[in-house]
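Chains as they are written, first to last, in our numbering: chain A, 1053 to 1272; chain B, 359 to 476.
Just so you know, these hints were derived from the structure itself, not from any lab. Here the structure is a predicted model, which means the values were calculated and not measured. Incorrect hints may have been included.
As the list claims (entries may be wrong) - Pair ranges (Cβ atoms, derived): (1) Thr386(B) - His1172(A): 30 to 36 Å; (2) Asp383(B) - Phe1196(A): 25 to 31 Å; (3) Pro438(B) - Gly1087(A): 49 to 55 Å; (4) Phe1196(A) - Thr386(B): 26 to 32 Å.
A virtual CB, placed ideally from N, CA and C, is assigned to each residue, including glycine.
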Amino acid sequence: MTRIAADLHIHTSRSPCASRDMTPAAIVEEAARRGLAMIAICDHNTAGAVLPAMEAASATPGGPAVIAGIEITTREEAHVLGWFPSAEDAGAAAGALHVDPALASAATACTLSQTVDLIHRHGGLAVAAHVDRRSFSVPGQLGFIPRDVPFDALEISAAGAERGRAAAFASLGLALVSSSDCHSLELMGTGFTLLDVEEPAFAELARALGRREGRGCAIA
Amino acid sequence: MMLADIVSRLGLEVLTPELAIEGGDEVTRGHASDLLSDVLANAPSGGVLLTTQVHMNVIAVALHAGLAAVVFTQGMRPEPPVRRKAVDEGLPLLAANESTFDLAGRMYALGLRGREAR
């Protein structure tokens, strides 16, 4: 078992709010430079940059494992991360959102429960994004985290993790992760999760969040 | 003004006919928000909430905030489980097809006010 650092919430230039230099090649080079063994590409309501990032990573010496992700805006305007086994799974889930490309980060028609269900039906892991922030978070939009929504993990923002906000969410019994949610290269890896895994791969990430078979995850 | 009077004066649809809306305390305040964290922080106890937020959490948040009723605006209607939960908890749910802005204006004209400035 090895302990790796993972930054599982990274935007590319396909997100309207992200810097234009967030190209797949630049992202994987920066991740390698910062010693991140795993990253997840999570653009708003699209998985379009996932495959290019995977290709760039395999062409980069020391490149990270790239997890296929999407940051979905639910009907309630809460952000939920989906991490998927493959780019195809992520693409299929993104396609089911029926998003107007001109409104990339706008709310989809999927409720929170439908969104989590959609992610699970495509083999993915559902994570409530930046739950310590007021904007576009499940607690911000809905007052609290509903117990009947089967999240696989809760994400604490980098700033929140630094200020010890994770403790406030421990009582739900869910895995806690932290990510940079970076929209520019210089912030990559400012938030990260430590994973105890056999290898940097999706199946191991799933075991780590489930804290199964000796795998685990922690916020530094 | 009593809740039943607000309902009849504004022609609100009653989504929870199982619950009596007559009686209770006078309603003097209201709040308009779709952010339930904001409702928890700012809605005045005993007031009515105008919202387009139909997620199940609106019931628990309204109860925690001590609201007299929730009014769904702009034609929004919650799913049946939300309505059933409200009936179980004794929280009247109302509905209107008007915009939140217009309905808040008509409630203001009836004498209701928002939370006191802090």
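These are the hints, each one checked on the structure:
Against the hinted window of 30 to 36 Å, the Cβ-Cβ separation of Thr386(B) and His1172(A) comes to about 46 Å, which falls outside the hint. Checked against the hint of 25 to 31 Å, the pair Asp383(B) and Phe1196(A) passes, with Cβ atoms roughly 26 Å apart. A beta carbon spacing of about 51 Å between Pro438(B) and Gly1087(A) agrees with the range 49 to 55 Å that was offered as a hint. For the hinted restraint 26 to 32 Å between Phe1196(A) and Thr386(B), the CB-CB distance of approximately 27 Å keeps it satisfied.
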